[in-house]
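A.B. asks: Residues per chain, in single letters:
2 protein chains.
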Amino acid sequence: MIGQSEQTALKGETGTGLQNDLFLRAVKGEPVSRPPVWMMRQAGRYLPEYQVLRAKYDFFTRVQTPELAAEITIQPIDRLAVDAAILFSDILVIPQAMGLTVEMNEGKGPLLPDTISNMSDVLKLEVEAAHVKLQYVYDAIKVTRERLLGRVPLIGFAGAPWTIFCYMVEGKGSKTFDKAKAFCYQDPDAAHALLQSITLATAAYLKAQVKAGVNAIQIFDSWGSVWDKPDYASFSLQYLKQLVQHLNGEIPVILFAKGVWHSLPELQATGAAALGVDWANTATEARRLTGGTITLQGNYDPIKLLQPVEKIRTDVRDMIREFGKDRYIVNLGHGIVPQIPVDHAQAFVDAVKSYKE
Amino acid sequence: MIGQSEQTALKGETGTGLQNDLFLRAVKGEPVSRPPVWMMRQAGRYLPEYQVLRAKYDFFTRVQTPELAAEITIQPIDRLAVDAAILFSDILVIPQAMGLTVEMNEGKGPLLPDTISNMSDVLKLEVEAAHVKLQYVYDAIKVTRERLLGRVPLIGFAGAPWTIFCYMVEGKGSKTFDKAKAFCYQDPDAAHALLQSITLATAAYLKAQVKAGVNAIQIFDSWGSVWDKPDYASFSLQYLKQLVQHLNGEIPVILFAKGVWHSLPELQATGAAALGVDWANTATEARRLTGGTITLQGNYDPIKLLQPVEKIRTDVRDMIREFGKDRYIVNLGHGIVPQIPVDHAQAFVDAVKSYKE
Numbered sequence: 001m002i003g004q005s006e007q008t009a010l011k012g013e014t015g016t017g018l019q020n021d022l023f024l025r026a027v028k029g030e031p032v033s034r035p036p037v038w039m040m041r042q043a044g045r046y047l048p049e050y051q052v053l054r055a056k057y058d059f060f061t062r063v064q065t066p067e068l069a070a071e072i073t074i075q076p077i078d079r080l081a082v083d084a085a086i087l088f089s090d091i092l093v094i095p096q097a098m099g100l101t102v103e104m105n106e107g108k109g110p111l112l113p114d115t116i117s118n119m120s121d122v123l124k125l126e127v128e129a130a131h132v133k134l135q136y137v138y139d140a141i142k143v144t145r146e147r148l149l150g151r152v153p154l155i156g157f158a159g160a161p162w163t164i165f166c167y168m169v170e171g172k173g174s175k176t177f178d179k180a181k182a183f184c185y186q187d188p189d190a191a192h193a194l195l196q197s198i199t200l201a202t203a204a205y206l207k208a209q210v211k212a213g214v215n216a217i218q219i220f221d222s223w224g225s226v227w228d229k230p231d232y233a234s235f236s237l238q239y240l241k242q243l244v245q246h247l248n249g250e251i252p253v254i255l256f257a258k259g260v261w262h263s264l265p266e267l268q269a270t271g272a273a274a275l276g277v278d279w280a281n282t283a284t285e286a287r288r289l290t291g292g293t294i295t296l297q298g299n300y301d302p303i304k305l306l307q308p309v310e311k312i313r314t315d316v317r318d319m320i321r322e323f324g325k326d327r328y329i330v331n332l333g334h335g336i337v338p339q340i341p342v343d344h345a346q347a348f349v350d351a352v353k354s355y356k357e
Numbered sequence: 001m002i003g004q005s006e007q008t009a010l011k012g013e014t015g016t017g018l019q020n021d022l023f024l025r026a027v028k029g030e031p032v033s034r035p036p037v038w039m040m041r042q043a044g045r046y047l048p049e050y051q052v053l054r055a056k057y058d059f060f061t062r063v064q065t066p067e068l069a070a071e072i073t074i075q076p077i078d079r080l081a082v083d084a085a086i087l088f089s090d091i092l093v094i095p096q097a098m099g100l101t102v103e104m105n106e107g108k109g110p111l112l113p114d115t116i117s118n119m120s121d122v123l124k125l126e127v128e129a130a131h132v133k134l135q136y137v138y139d140a141i142k143v144t145r146e147r148l149l150g151r152v153p154l155i156g157f158a159g160a161p162w163t164i165f166c167y168m169v170e171g172k173g174s175k176t177f178d179k180a181k182a183f184c185y186q187d188p189d190a191a192h193a194l195l196q197s198i199t200l201a202t203a204a205y206l207k208a209q210v211k212a213g214v215n216a217i218q219i220f221d222s223w224g225s226v227w228d229k230p231d232y233a234s235f236s237l238q239y240l241k242q243l244v245q246h247l248n249g250e251i252p253v254i255l256f257a258k259g260v261w262h263s264l265p266e267l268q269a270t271g272a273a274a275l276g277v278d279w280a281n282t283a284t285e286a287r288r289l290t291g292g293t294i295t296l297q298g299n300y301d302p303i304k305l306l307q308p309v310e311k312i313r314t315d316v317r318d319m320i321r322e323f324g325k326d327r328y329i330v331n332l333g334h335g336i337v338p339q340i341p342v343d344h345a346q347a348f349v350d351a352v353k354s355y356k357e
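For the record, the sequence lines run as chains C and S.
Just so you know, my numbering puts 75 at position 75 of the first sequence, and the rest follows in order with no gaps.
Just so you know, my numbering puts 1 at position 1 of the second sequence, and the rest follows in order with no gaps.
These are calculated hints, taken from the structure and not from any lab test.
It is possible that some hints are incorrect.
Identical chains blur together in the list; that is why a pair holds if it fits in one copy or across any two.
[Stated by the list, open to error] Capping the alpha-carbon separation at 20 Å, the derived lysine-lysine pairs in PhoX-like fashion look like this:
#1 229 <-> 311
#2 108 <-> 175
#3 108 <-> 172
#4 356 <-> 325
#5 229 <-> 241
Model the full structure from these sequences, guided by the hints.
C.D. replies: As structure tokens, then:
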């Protein structure tokens, strides 16, 4: 738990009304006594209290019922005392709001039976009104903020346009997203029209999340790693840049493009407040690529949370030393996985909280 | 087709008895008039003549019948006139020879029903005698050499110990091989024992391939990218180094570790003759990481072969200019995929052959 004196100090410094704003200070690059910590997918299947709700309500009921989404969002705050909450939701609410059917088969991943394969399909999608259909998300944000009582900041999120495109074209997960890439190479006009539509719908969605009360936004580009650098610039980066520009000045944006080490400098140049990194980068290399001037977030391999807790503690200390205490948010390099014991996740969080230089 | 005068010059220079030894000269770093070209998985499902054999014989019949394997190996030489042949086989013959059942369900990927999960499982595996069971591979090499009549060199291959480990522990393909990694973190002694056993069986297998007549060896580390750099060194690189040392002096070895950009300098330090690279590396970056002193092979995204042939030709010329004519083998950055039109693959090969500085 955070100490009373630290809480007071934080409140006084930033005027956010938050009891613990370490996360926001780190995002903005302000000096901190220790780095903040949260975990991607921290609200999820490794928590027994989540399993209780999962057994009672199907996936979209959990996502679309503000009280349930808020409860799930807050579970890891209550349990692990992480320094930020991230809204329980899914990146595929955007294709859903744009008019596509999304089936979520637990344990098997998502299925979108009506895939996009040409310009005619693209033109049928809802763009301007898509964000209006996601009122349940904005309501969940409001309920979460009320229940959080200012304990920690709340992060809103969306998928990167390219990653959403992958699911809309391929219809399901893939190792390589060859079909989505083939679409880009064979019909670039339709591909860019689709990416632009997703970008506009996502921008409006994220602005509405900000209005509803999130304190920061994270954009997940889970499938950027399938491109080479020039094609990543063309089919992903330019749309990420648009999203950051839509939001800039309003709220700090974290871009997490998994596996896209080659474009870290270009991701930084979008104007994002912080960048997520995975474990393919050493901290030293990530700092080198970004000139040491931007906040980095990551990069512990979630599978390493299966190691003995003493090893997790040592790893965390080493990781903070290598990234540095400032301009750094401790996190995983990918979402936590269901098989992680809760006390191992707790050890990860606690090791950050007890960090001393 | 290679010109008569070029053929004579090649024969005279290296004494390999090959009509076209551009590939071997490039592997060894000798200057060439143009870079050689071949394609990973060039013997396969995009070729109509392969489909004819695929309809008649199941996968392991094709692999285990020397005449069939030789015929399939030579199909892309006849059709596309690439500068090297690679034996038609599969990396999973090693787990099979070590005693595990391997089912190959076409279109669905491999299945190994008896996975390895502890030291007791490891100790039951055949190690010393595994390579003896693969006589059909050595026979296929002999038949292929006879039928090739010295037109081009023949490449033998095996999977990297880590990649074989992934299939032995996980039992099937995976995006992240979390189960295989978890085994390494939770029982490192058994994991290293298994990796060492695979390495020894593979070393004997590759030596027997050399004895049977291959001109070079390529080792495929398809799943190295799931590790961070220190763990890649521990669970993959050290075993690749052992393999190179087992073969060194006898034959040039190409290491292709997909997605493992972070360890290119360490892969080079194994003593490998050449390194394969994928498209996540620009040529410039790959040259920077390896100091410009080793032959590189790659790195065209196979999905780009769906582009118009004129674009493929331009891309190939740009790629050769960026990698440089020497110490370079033109290839894809991953295996060719079934949906590529043959004339697009042909355009790729022809663009290399008509390259002029």
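A.B. asks: Honestly, which of those hints from before does the structure not fit?
C.D. replies: none
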